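Asks: Sequence:
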Amino acid sequence: MKTRLLIFCSGLLLFTACSETSEEEPLLQPPMVVAAVSDMAEQERGIDAVPESNAIQIQWMKQNIYDGYQLYRKSQSQDEFDLFAEISGEDSTYLDIEVEQFKRYFYYIIGFSDRQSAPSDTVNYMLVTKAYNLSVSLQDSIIFHWQLEDIAPDEYILKLFDDTSNEKIWFSRIQSSYQGMSESVIYNWDGMAASRDLEADVRYRWRVDIVGPAHRSGSESRWHRFELPQ
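The opening position of the sequence shown corresponds to residue 1 in this note's numbering, with each subsequent residue numbered one higher.
Bear in mind the hints are in silico, worked out from the structure with no lab data behind them. Treat the hints with care, since some could be wrong.
[Claimed, not checked] Taking CB as the label site, the calculated pair distances span:
#, residue 1, residue 2, range
1, A214, I97, 16 to 26 angstroms
2, G180, L83, 41 to 51 angstroms
3, S38, D121, 32 to 42 angstroms
4, E52, F106, 35 to 45 angstroms
5, K168, Q101, 37 to 47 angstroms
6, A41, E100, 18 to 28 angstroms
7, M40, D67, 20 to 30 angstroms
8, I65, E227, 13 to 23 angstroms
9, M32, I186, 27 to 37 angstroms
10, G68, R196, 24 to 34 angstroms
11, G180, R115, 18 to 28 angstroms
12, E90, P26, 21 to 31 angstroms
13, S53, R115, 50 to 60 angstroms
14, D121, S141, 22 to 32 angstroms
[What the hints assert, rightly or not] Dumping the calculated SDA-like pairs for lysine to any residue here, alpha-carbon to alpha-carbon at most 20 angstroms:
#, residue 1, residue 2
15, K62, K103
16, K168, F226
17, K168, L198
18, K62, Q43
19, K103, P213
20, K62, S92
21, K103, L27
22, K103, S53
23, K62, L27
24, K62, L138
25, K168, P51
Keep in mind that this is a model prediction, so the values were computed, not measured. Glycine included, every Cβ here is placed at the ideal spot set by N, Cα and C.
Go ahead and model the full structure; you've got the sequences and the hints to work with.
Replies: Next up, the structure:
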């Protein structure tokens, strides 16, 4: 009798455990973070530096199944991820302004509504110091100038647009001169500009991106705008 009772109780406990497990709701599908694009891309998306501030941009695909998102972050010196920010479900971009230069940060996001999603893929980026003091001189040629705060990188990318139409005019990958803390380059030195000559009374904007010393690292200067006189 005791043996039969023990078997019955064991079966009841097993049924209860299985029932509790089967009632657990599955996780929502993970959010889709946007992968980083080429440094020379015209439409910049994914994890990246931004020109407006010393910040790292994280982007993901907006999906209506989530009411909001939790952003988890860790730096290269941390062992574990921490919950860093809670973000509205209406958003699909976050700027992390609490970063140190030359320090790599790792991120993933979790979506939630009445339940949570599985974690997204992990993305990472390292910010370096910006180029600054951008200027344009008009001599026999149009010359772009900028300055550095740190040791010169191996490469820069200069991006020039028509500021009104947002049309791409010239993207140029430039090797460092390694001649101190100032750099300059002549417009269309590589013959890759969409227009051989810039037009007077057209407003242009340009910036200098520093290509960082490691994969997914760099910075973007603030935009500088100018017009050529008639």
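Asks: Checking one constraint from the list: CA of K168 to CA of L198, max 20 angstroms. Satisfied?
Replies: Satisfied, since the Cα-Cα distance of roughly 12 angstroms is no more than 20 angstroms.
Asks: Taking only the CA atoms, is the gap from K168 to P51 under or equal to 20 angstroms?
Replies: holds, 17 angstroms
Asks: Between G180 and L83, does the C-beta distance stay in 41 to 51 angstroms?
Replies: holds, 44 angstroms
Asks: Quick check: does the Cβ-Cβ distance between G68 and R196 fall within 24 to 34 angstroms?
Replies: At roughly 50 angstroms between Cβ atoms, R196 and G68 fall outside 24 to 34 angstroms, so the hint is violated.
Asks: Take the C-alpha atoms of K62 and K103, compute the straight-line distance between them, and say whether it is at most 20 angstroms.
Replies: Measuring from Cα to Cα gives roughly 28 angstroms; hence the hint is violated.
Asks: Okay, A214 versus I97 on CB: inside 16 to 26 angstroms?
Replies: holds, 22 angstroms
Asks: Note whether the CB distance of M32 and I186 lies within 27 to 37 angstroms or breaks it.
Replies: violated, 42 angstroms
Asks: I want to verify a distance hint. Is the separation of the beta carbons of E52 and F106 within 35 to 45 angstroms?
Replies: violated, 23 angstroms
Asks: D121 and S141, beta-carbon distance inside 22 to 32 angstroms?
Replies: violated, 46 angstroms
Asks: Assuming the hint says 50 to 60 angstroms, is it satisfied by the Cβ distance from S53 to R115 or not?
Replies: violated, 35 angstroms
Asks: Is the hinted pair K103 and S53 satisfied, with a Cα-Cα distance of at most 20 angstroms?
Replies: holds, 16 angstroms
Asks: For the pair supplied as a hint, K103 and P213, confirm whether the alpha-carbon distance does not exceed 20 angstroms.
Replies: Roughly 12 angstroms between the alpha carbons, so the hint for K103 and P213 holds.
Hints 3, 4, 5, 7, 8, 9, 10, 11, 13, 14, 15, 21 and 24 from the list above are not met by this structure, while the remaining hints are.
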